[in-house]
Each structure stands twice: as C-alpha cells, then as structure tokens.
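Dock chain to chain to rebuild the complex, using the hints, since each chain is given by itself in its own frame.
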Amino acid sequence: MAGHDSGSQHQFTGFQKYFNSYTITGRRNYVIATYTGVAMLILYFKLRPKKKTPAVADK
Amino acid sequence: MNLSFFDQFTSPCLLGIPLILISMLFPALLLPSPNNRWITNRLSTLQLWLFHLITKQLMIPLNKNGHKWALLLTSLMTLLLTINLLGLLPYTFTPTTQLSMNMALAFPLWLATLLTGLRNQPSIALGHLLPEGTPTPLIPALIMIETTSLLIRPLALGVRLTANLTAGHLLIQLISTATTALLPIMPTISLLTALILFLLTILEVAVAMIQAYVFVLLLSLYLQENI
Chain A
1 MAGHDSGSQH
11 QFTGFQKYFN
21 SYTITGRRNY
31 VIATYTGVAM
41 LILYFKLRPK
51 KKTPAVADK
Chain B
1 MNLSFFDQFT
11 SPCLLGIPLI
21 LISMLFPALL
31 LPSPNNRWIT
41 NRLSTLQLWL
51 FHLITKQLMI
61 PLNKNGHKWA
71 LLLTSLMTLL
81 LTINLLGLLP
91 YTFTPTTQLS
101 MNMALAFPLW
111 LATLLTGLRN
121 QPSIALGHLL
131 PEGTPTPLIP
141 ALIMIETTSL
151 LIRPLALGVR
161 LTANLTAGHL
171 LIQLISTATT
181 ALLPIMPTIS
191 LLTALILFLL
201 TILEVAVAMI
211 QAYVFVLLLS
221 LYLQENI
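Residue numbers (the numbering used here), protein chains in the order written: chain A, 1 to 59; chain B, 1 to 227.
Here chain B stands alone, though its shape is the one from the complex (with noise of 0.2 Å):
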C-alpha cells in the first residue's frame, strides 16, 4: 500500500472501529499513578515535582477563585505535552494534529472564560473591550476590533497548536523522505540532509513542548482577565 505524505494525520481505525479515544487516553498509562507510601519512587517524585512546577507557574498570576481551574489547567497542560512529545515518534499517531481536536479543547475552554467573566464582573469584562485612554474618534472602530480580536481567540488557539504540529510532522516526513532518496544517488548531500533531519527533530521536540504551554499560558491569560 503506497502512502501520501498526509496519511500520517489520518485518524486511526481498526476493522472500522475508531481508535482516536484510546490514542488520546495512552499517554496516562505512561504516567506513574500516586500511591499512599509516603517517600515514592523516583519517577513518581520527578512526575509530582513537575506538576508542582507548571501548578505553580500557572496559579501565581491568578486569585483565589482562579485556584479553582488548577487540575483542568494542569491535566490539560500534561495530556498536550504527553500527547506532542509521543508524537515524535516514527509511526505514531499526534490527536494534536487534529483540528476538530483542537477546537474541541480551545473553544469551550475560552467560551468558559469569557462566560465567567460575563457573569461575575460584567462592567469589568464589558469594559476590557475598550483600552484606557483612547481619543474619541477612534473608540468605535476599536471596540469593533477588540470584539473581532476576542472572537478571533478560540480559533487561533486551535489552529496555531493545529499547524505547528501538522508543520512539523509534515517538514520530518519530507526531509527524512529526502535523506533516504538522496542516500544512494548523492551519500554527502544525504548526510547533509541526515544533519538536518537532526536539527529539526530537536526544534519539534522543543516546539512539542512549547505550543502546549503556549496553549495553557493563554488561556490561564484569558482567564486572568475575566475572574
């Protein structure tokens, strides 16, 4: 069976059964479960260490009512940057890819925000959507650009984590294709290439890691001014 270069994004399924739901819980079989003993292991101690880090991180900047979205931020944090990582993988498959996934998590996450920010300080939300200090003339055309940008938040967080990774992908699927190519035809330019190939998995391992903070810091941001 030949494959295109997209047949690495195709949703997995087996005898017609869709296998999206086992791809995404997988990476919390790779996660050490806490038990009651009191000093642990030490994957569990490095795993608890790290999510004390990113709790952390994220809850500073946020009040007391914003403690309460601690375990979604956090948990969501840990299944993208499980879900990048495994990614990278020869043969795997990323859910992360995924714009339906993607949307799936940006847009009840940010609607969730603004909704809280509607509801329990809505002079304060409404009043976000103009900046302080603007001359007169130019207030109605940046409310409308301030409403435009707001309703632009959902789509651009799905899509900058959709594309980065599906970028990615796509770029290490080409240049391995081309090293192996080039491999009997030109050995040096495919060595070249090998260097390459090697240079950009190091960039989507840190691009892995990176598009899921991004993705958590902003809306912990959105969050920020809404609670």
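Excised from the complex, chain A in its bound form (with noise of 0.2 Å):
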C-alpha cells in the first residue's frame, strides 16, 4: 500500500529523497554508495601500512 506507487506522486525529504529503493534516482544513488564503499574498503586494505613484525634474533 504505502510502497507499492512510482514514488512520483510524494516529496521526498531528506535520506528518503535521495536514498530510496522505490525511484530510479534513489536506487542509482544507493549502487553509487556501494559501489563507492566497495573502492573505499579495497583502497583501504590496499594503502594500509603493513606491519613489520621483528627478526628473531638467534640464541
């Protein structure tokens, strides 16, 4: 009932007038920010410092 319209009749405000699973803007604005989170999470794996862990010295 509340969902099942092209969203076109309602003003949308704030979160819901851009993320919104119910018009074509609010869905390609969801699929920007997973795939912007996506390149976030890889370029962050891939730039992180790698922790150097210490020689063993011999005894």
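FYI, nobody ran anything at the bench for these hints, they're computed from the structure. Just so you know, not all the hints are guaranteed correct.
To be verified - Pulled a few chain A residues facing chain B out of the computed Cβ check, cut under 8 Å:
| no. | residue |
| --- | --- |
| 1 | I24 |
| 2 | R27 |
| 3 | V31 |
| 4 | I32 |
| 5 | T34 |
We treat Cβ as the ideally placed atom computed from N, Cα and C, and that holds for glycine.
This is the structure in structure tokens:
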C-alpha cells in the first residue's frame, strides 16, 4: 500500500529524497554509494601500512 | 588414423591453413541471394518470410532506437541457425562448439548493450542494479548480487551455446558408436539404441534451433533494458 507506487506523487525529504529503493534516482544513488563503499574498502586494505614483525634473533 | 571422441571438435586445418573462416562463411552460400524480380521463386519467398518473421518477433518489444539492431540480430540468428543445423550432418564441423567463437559473439554484443545503456540513460541503467522495493538491510548485498549477475551474462551466453551443442554432438557420437558396436553382438539392443539415436537426433535438431533463438532473444532482452 504505502510503497507500491512509483513515488512520483510523493515529495520525499531528507535521506529518503536521495536514497530510496522506489525511485529510479534513489536506486541509482544506492548503487553508486555501494560501489564507492566497496572501492573505499579495497583502497583501505591496499594502502594501509603493513605491520613489520621484528626478526627473531638467533640464540 | 584412430579418432577419439573429441576429434570432431578440433578446428579444421588443411596443410596448415585454418579452415574455420570458410566453415563460418559457408552457410551463407546456401541462402539464395535477393534478385530484382518482383515475384521471386519459392525458396527466396520462403527465406524472405522467415527473415520477416524473425525480425518482427525480435523488434516488437524494442523501441525505435532498438530497431537499429534489426540487421545485426536477424543476421546473427540466421548465422547461428544455419551453423547449428548444418553441424548435425555427419562429418561436419560445427563452429559453435568452439567456446572462442561463442565468446567472441557474446562478449562484444553484451558489452555493446551495456555501454549503450550507460551512455544514453546512465541513471536508469545503474538504477536497474537494485530491484524496486528492496528492504533497506538487503540493499548492499542485492546490489553486489545484481552486479555479479550482470557481469556473468556474456559468459553464460557463450557457455550455454557451446555446452548445449558440444554435449549434443558428443551424445550422438557415443550412442551411434554403441549402436554399431552392439550390432554384431546383440542386434535387438542395437535396434533399441538406434531408436534412441533417432529420437536424440530429433532432439538435437530442436536444440540447435532453440539455442540459436535463445542466444539472440537474451541479447534483445539485454538491449531492451538499456535502450
């Protein structure tokens, strides 16, 4: 009932205006946000400084 | 020279010259070329009727922009149909059993539909990656799933055609080998196997036509989403 129209009659405000799984622009924004999030994750894991373990000294 | 069961799928070569191009172009020789007579002969009329039927069925769901694809899709359908059907004759080579050829057809055409969508209507093309009305917690997972299904489309298109035709040809060869091997030993069983071979051949004719149709239909569906 509340969500089965295309959303063109309603005026969304706030978060729902940009991220909305019923309007085409809302869906597009969700997709772009997800891709950006995944890209950020990959970049973070690639660029984070690697921890160097100290060499074990011979006894 | 002893042949294994997979030798029918080796790309033909004569004195070091690959014959794959000839085997791909040969079916075109069997189709009558149009002439400038007002009323043509039976074969040409039949061919024209078939092409009109194929083009009409493919173009009905497409908008005016999609009609630019009419020549490409109809000729692709005719190529696949003739290659698949000719491959059912004994001792012929079927180019569509080669994954390289099917991927070479599927990948560029799928990419063309994708790039057309991204160029002409980028918001709608990206928006299609999330089904309407998805509950919020499922959204990231569903976007990744839809992206994966989008990227796997060319692979599925190519492998579907290759696998169906290769499997069919292999089955025919195996069952016909069984029929001839059983003939001196158990003639009744050989007759049963021959009956199975007959039914299988009818099935393979149907599969040859259906696979050509499915390939082109799926491409037109991907086009509908993006044009």
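Going down the list of hints, with the structure as the test:
no., hint, verdict
1, I24, "holds, 4 Å"
2, R27, "holds, 4 Å"
3, V31, "holds, 5 Å"
4, I32, "holds, 7 Å"
5, T34, "holds, 4 Å"
Hint compliance for this structure: no hint is broken.
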